[in-house]
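Chain residues, written in single-letter form:
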Amino acid sequence: MTAVPLLRRSLAGGWRSLLGWSLGVAAALLLYLPLFPAIGGNADMRELLDTLPPELVRTIGYDQITTGAGYTQSTFFGLMGFLLLTIAAVSWGTAAVAGDEENGALELTLAHGVSRRQVVLERSAAVAARLVWLCLLSGVLILLLNGPAGLELREGNLVAGVAALLGVTLLTAMVAVAVGALTGRRAFALGAAAGVAVLGYALNAVGNQTEDLAWLRDWSPYAWAFREAPLVNGADWGGLGLLYGLSAALLVVALVALDRRDITG
Amino acid sequence: MTAAVETAALTKRFGARPALDGVDLVVEEGAVFGVIGPNGAGKTTLMRLMLDILRPTSGSVRVLGEEPRAGGPALRRRIGFLPGELRLESRITGRELLRHFAEISGPVERGAAEALADRLGLDLGRQVRTLSKGNKQKLGLVQAFLHRPRLLVLDEPTSGLDPLVQQEFLAMLREARQGGQTVFLSSHVLSEIQQAADRVAILRAGRVVVVSDVESLRETAVRRVRVGVAAGSEGGLRAVLEALPNVTGLSFGAEDHRVRAAATVEGAIDPFIKAIARFPVADLTVEEPDLEESVLRLYGERIGDGERAGDGERAGDGERAGDGERAAHPSSPLHGGHRGTGKRGAR
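First to last, the sequence lines map onto chains Y and Z.
Using my numbering, the letters of the first sequence map in sequence onto residues 1 to 265.
Using my numbering, the letters of the second sequence map in sequence onto residues 1 to 347.
Hints were generated in silico from the structure; no laboratory data involved.
Please note: incorrect hints may appear among the correct ones.
Unchecked claim - If we take Cβ atoms under 7 Å as the criterion, some of the chain Y residues that face chain Z in the derived model are: (1) Ala3; (2) Pro5; (3) Gly14; (4) Ala27; (5) His112; (6) Ser115; (7) Arg117; (8) Leu121; (9) Asp262; (10) Ile263.
Claimed, not checked - Some but not every residue of chain Y turned toward chain Z, in silico, with C-beta under 10 Å: (11) Asn103; (12) Glu107; (13) Thr109; (14) Arg185; (15) Arg186; (16) Val256.
Nothing here was measured: the structure is a model prediction, and the numbers come from that model.
Glycine is no exception: its CB is placed at the ideal position from the N, C-alpha and C atoms.
Looking at chain Z on its own, in the form it has when it is part of the complex (with noise of 0.2 Å):
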């Protein structure tokens, strides 16, 4: 398969500032995309550099096998591009505002962008600078999916959706892949896409730290788990958990006659579930696997070692599981859950 993107060195400065810094990436045809990274770690900026609102201070671009710049408006009719600081502001309707993005980059199937609004609730025949943040975002989307283009090129898609939307623009990714689309998208949290993506490249400061399929994440994906024993087994499980190299940040509390302890493992769950079969297990909760957690410590592993010193809080993540972790989320997992779950239990 050709590339959908394939960049090599790119490298965008802003003045000395270097937004970009020798990123290589390819996506392959007919894969959904992701890029994650923390705000101004450089996504915008890609996504720019492929539409030629920017150019490259070096390296190359390439997308759907061509040079942005001399690809010119023939190369951009074929790309659907949702900027990630979306203002609309003009007294026209949305439904007059598809009509004219259909003009300049059609051709449209007729009743495309009608379909597509029913789609995510939103309504055409308003003046776009009343609506609110998220039907904006809407109408951004469908702007970006009406021509259904070859590639699909999304900053923040999610942004400003409820659940019950995005839940719907997951399917429409998922049919635009089915439909042999590209898409090429990007959150600051992995846990927004990462139902839908196939692959994932992580940015920091304008470098690509990882870049990693969904599915090996999962294979090194971080679970947090609880587990309840009868009382009296606490000595016999610590000794037992302590043991596994993949356990950490082992707590303990004591309820009536129950002990419960509540401990991270990463990779396989296998030996942890061998270990505790030996005790009375009263209840047992294994959540969902983190995904972002997973990138974030190879991350820190990769890049921990001071590299980047204005990172060394994230990157010691890696290197002290646990408690380190723990303090740094809002919650901890003895009080039901850490970030995201609370966002997959309102799915």
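One chain only, chain Y, in its complex shape (with noise of 0.2 Å):
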């Protein structure tokens, strides 16, 4: 018996979508952080932003979009990258369990030598390390962006950022393995899992508008990542600690709602 055999398969399963995604990040940041210095840092830019309505504004995040970190933000970690990973997320936390379920091999897989608690774990780490991968390559990107592009983004900020992205992406991944696990439906996971991202970026969005609304980001996983800037101001403990900790809440309810039912498929 060699260690992790589920993890590896998933892994080794999936890596025609991981280069797939690895180059979709890619080409996001190579498109966009270039162009900082000609769009950020440029007068005619902030003369267009002043003549667009400040909802749009705010709701999009170009408010900050002159400064390297505001820029970076605006473009890719509360957009593109977000946007991107949170796809990779839920059509990886789907088919963990959900997925695997309905096409019938979660029965093959099961009726050999491995437990179920077994199965949410390895498949779960293996959309998580995905997810690391993804942040990882976006990180290294955006560092060697970093200069050229003028970002003047702050190492330990970005790892703050990265691990901010992370986090609101592996929580819904974890909506997906969770949901999966406790109805066995393909549906059912990645329409939990799209809406909670959906959702969240909403709250985010209106929440934004006016002080009055501001309590509605208090329920968004992407303001749980994003409201405190970490590329400014370094990493919010509180809302990742939020992100992480229910995404480990939402394992153990996956584990649990696996191991109690029957499996379909």
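Combine the two chains into a complex, taking the hints into account.
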């Protein structure tokens, strides 16, 4: 017996998908960040932003676009990176249990010498490992572009931003894993995870508009990750604690849930 | 001997619908035990309960002496399972998939996967999702046999296999039994496994209708016979055959200078042979007994009293042998046998 066979199987089986996502993330970074001197630091751009409705500017997070940290946050962490990693998290989290169960493969795996808890643990770990990889890749690329693009990001703050991105996408993935373990249904797992991500984004956007609605952001995982502007201010331990703590709680839910029910498929 | 599988009042409901309803079964260690029943009879549910994929609603099941949930992975390492609906859609090759299963259910002898794949004529180098249904089934069989488990649980193992591979599979079953492995397999047609199984249970609508060993089924076997005698003997032949209690479904036909009779003989063949011996017999065909028909007959006798309305048609078969049966079959005995014959002929 060698260690973590299911984890290794998941990673080996998903390398094509991971390669595709890696290319997507790299492309997003390489397209956006080098343009900072031309867009964020550009006087014309500032004038353009001034003419736009402030609600729109706040919604897409472009109110900070004139600094390197703000630009990186609004283009990548808050938008393209968030979007790409969220989609990846939803699809991997859904496939980990519910997708595998619905296509009949889980039955065969569980007929072998593995426990259901082992399946949940190793598959969750595989999803987490892939998200970590995408986040590391992002971090390294941003670091490489930091000087050339004149972003002037501090390394510690970059780590905090990457940790926040990982936290919010991991939470989304774990929603999919947990709902999959509870129901065994792809559609439910996918819907719940995508719902949490979209709702989190929307609550944050609405909460940004006025002080009266700012409380909405207390319910948004997106806000837990980014409202304290980690690229500027460093780690927001409270927000990170919520993201990783809830992810761990959802893992426990998944472990218990799959162990207690019939495998259908 | 201890029982390899033992169930007591095993019941499984999905919502209000019972898939298994109070099943009591004992499978002795070292036996090849077949479960026969139409789709939806509960065969797959029974097997999933044995593997802890499903949990019983009530009653109990013990596999190799352990309750499946308590036995956990260690118990399942001693079981080889072929699911009834084998869906293999991944991009990995058969070899990689088997290596993975060997890791989680091992230990596996070196070269075991290749040896089994060679036997069944399976290419392990291809992506599993590109395999045909028959080849996926072979891969499913290989992964079940791979780690030489003490118990093989095979759901419809012959489905999708061509006759030659079916023969090889039956040989693998015989070797498994010689090696002391227990085999628990299912089929919706008995004829496919009657050569391999020692005992069979018939499952209908979640209940065990009959458990019997194949030998005693053979004794109560139903055989189709055809006999040709010289012209002019028809009246005498008819009278003699009609007098035999275990001959039913008589029909006569005439050719040039010959009278042909076809009938169904239930149980001992001897009285029939003695009866026709007094006529000038021109030809005689006795088909190999179809155990499935015997079983259905037993089944008809046991619960043919309208206990289950939906099965009335089937249950009636036993009582009205002969014409009723023939009507239900695609071909009549006069035209070259019944179902099962063709399959046997092809092997």
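To see whether the hints hold, each was checked on the structure:
Because the beta carbon of Y:Ala3 sits about 10 Å from the nearest beta carbon in chain Z, more than 7 Å, this interface hint is broken. Because the beta carbon of Y:Pro5 sits about 4 Å from the nearest beta carbon in chain Z, less than 7 Å, this interface hint is met. The beta carbon of Y:Gly14 comes no nearer than 10 Å to any beta carbon in chain Z, farther than 7 Å, and the hint placing it at the interface is violated. Contact between Y:Ala27 and chain Z, as hinted, is not supported at the beta carbon level, the nearest pair being about 24 Å apart and thus beyond 7 Å.
Among the interface hints, the one on Y:His112 holds; its C-beta lies about 4 Å from the nearest C-beta in chain Z, closer than the 7 Å criterion. Among the interface hints, the one on Y:Ser115 holds; its C-beta lies about 5 Å from the nearest C-beta in chain Z, closer than the 7 Å criterion. At a threshold of 7 Å, the smallest CB-CB gap from Y:Arg117 to chain Z is about 10 Å, leaving the interface hint violated. This hint is violated: Y:Leu121 has a C-beta 13 Å from the nearest C-beta of chain Z, more than the 7 Å allowed.
Nearest Cβ of chain Z to the Cβ of Y:Asp262: about 5 Å, under the 7 Å cut. The hint holds. The interface hint given for Y:Ile263 holds, since its Cβ lies 5 Å from the closest Cβ of chain Z, which is under the 7 Å cut-off. For Y:Asn103, the interface hint holds, the least distance from its beta-carbon to any beta-carbon of chain Z being 6 Å, beneath 10 Å. Interface hint status for Y:Glu107: upheld, as the beta-carbon distance to the closest one in chain Z is roughly 6 Å, under 10 Å.
The criterion of a C-beta within 10 Å of any C-beta in chain Z is met by Y:Thr109, whose closest approach is roughly 8 Å, and the hint holds. The criterion of a C-beta within 10 Å of any C-beta in chain Z is not met by Y:Arg185, whose closest approach is roughly 15 Å, and the hint is violated. For the restraint placing Y:Arg186 at the interface with chain Z, the shortest Cβ-Cβ distance is roughly 14 Å, beyond the 10 Å limit, so the hint is violated. Contact between Y:Val256 and chain Z, as hinted, is not supported at the beta carbon level, the nearest pair being about 14 Å apart and thus beyond 10 Å.
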